[in-house]
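Whole structure, please, built from the sequences with the hints as guidance.
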Amino acid sequence: MAACALLLGACAAKPPVQTPVLVQTPPRVVVVADPQLTELLAYQSALRLMTPSELVKAQLDLSKADHAPPNTIRRAMLQATVRGTGDLARAQALLEPLLTATGKDAQLLAPLVQLLSSQYGELRRQEDSIDKLNTQLRDAQRRIDQLNEKLEALKNIERSLSVRPAAGAPK
Numbered sequence: 003m004a005a006c007a008l009l010l011g012a013c014a015a016k017p018p019v020q021t022p023v024l025v026q027t028p029p030r031v032v033v034v035a036d037p038q039l040t041e042l043l044a045y046q047s048a049l050r051l052m053t054p055s056e057l058v059k060a061q062l063d064l065s066k067a068d069h070a071p072p073n074t075i076r077r078a079m080l081q082a083t084v085r086g087t088g089d090l091a092r093a094q095a096l097l098e099p100l101l102t103a104t105g106k107d108a109q110l111l112a113p114l115v116q117l118l119s120s121q122y123g124e125l126r127r128q129e130d131s132i133d134k135l136n137t138q139l140r141d142a143q144r145r146i147d148q149l150n151e152k153l154e155a156l157k158n159i160e161r162s163l164s165v166r167p168a169a170g171a172p173k
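Here our numbering runs 2 ahead of the position in the sequence shown, where the first position is 1.
Worth double-checking, as some hints may not be accurate.
Heads up, simulated EDC-like pairs for lysine to aspartate or glutamate below, C-alpha to C-alpha not over 20 Å straight-line [what the hints assert, rightly or not]:
#: 1; residue 1: Lys157; residue 2: Asp147
#: 2; residue 1: Lys106; residue 2: Glu41
#: 3; residue 1: Lys134; residue 2: Glu124
#: 4; residue 1: Lys59; residue 2: Glu41
#: 5; residue 1: Lys134; residue 2: Asp89
#: 6; residue 1: Lys106; residue 2: Asp68
#: 7; residue 1: Lys59; residue 2: Asp89
#: 8; residue 1: Lys134; residue 2: Glu151
#: 9; residue 1: Lys66; residue 2: Glu56
#: 10; residue 1: Lys106; residue 2: Asp36
No lab work stands behind these hints, which were simulated from the structure alone.
Set out below in structure tokens:
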């Protein structure tokens, strides 16, 4: 009987033991906006809305400005927005010296410069890929046109052949 009581006692449900769960909240990140950085980002946004004549005027204005890092970044942004042949490469070339610069302004703007440089590089790769695909498309279209011409010529030859009488038909 004692054995049965022990067996039945072992089968009884024990209340679950709750362990406290520690929840850690991530630390707050406080971003202090630098007015120079904010102004450059606003300039980038404004460039997107400019007409071609306004872009030309902005280029003239920037050509008169000094070669401080913020102005160099503006020139690169403007060059990339114009997007003529080779403009992205020139924009990247403008940013190259800023990537290795050690001045206070350059250090502050380094993350933006890295972002812009990598973005311009990716855009260049995409444009190269688009150019390559367009060339392949033109070549394929030219081959299709040639094959269609040959097919039409064969159809014309077939139509021009005289109709032969069927075998066994009286002559």
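Going down the list of hints, with the structure as the test:
no., hint, in the structure
1, Lys157 <-> Asp147, "holds, 15 Å"
2, Lys106 <-> Glu41, "holds, 17 Å"
3, Lys134 <-> Glu124, "holds, 15 Å"
4, Lys59 <-> Glu41, "holds, 19 Å"
5, Lys134 <-> Asp89, "holds, 18 Å"
6, Lys106 <-> Asp68, "holds, 17 Å"
7, Lys59 <-> Asp89, "holds, 17 Å"
8, Lys134 <-> Glu151, "violated, 26 Å"
9, Lys66 <-> Glu56, "holds, 16 Å"
10, Lys106 <-> Asp36, "holds, 13 Å"
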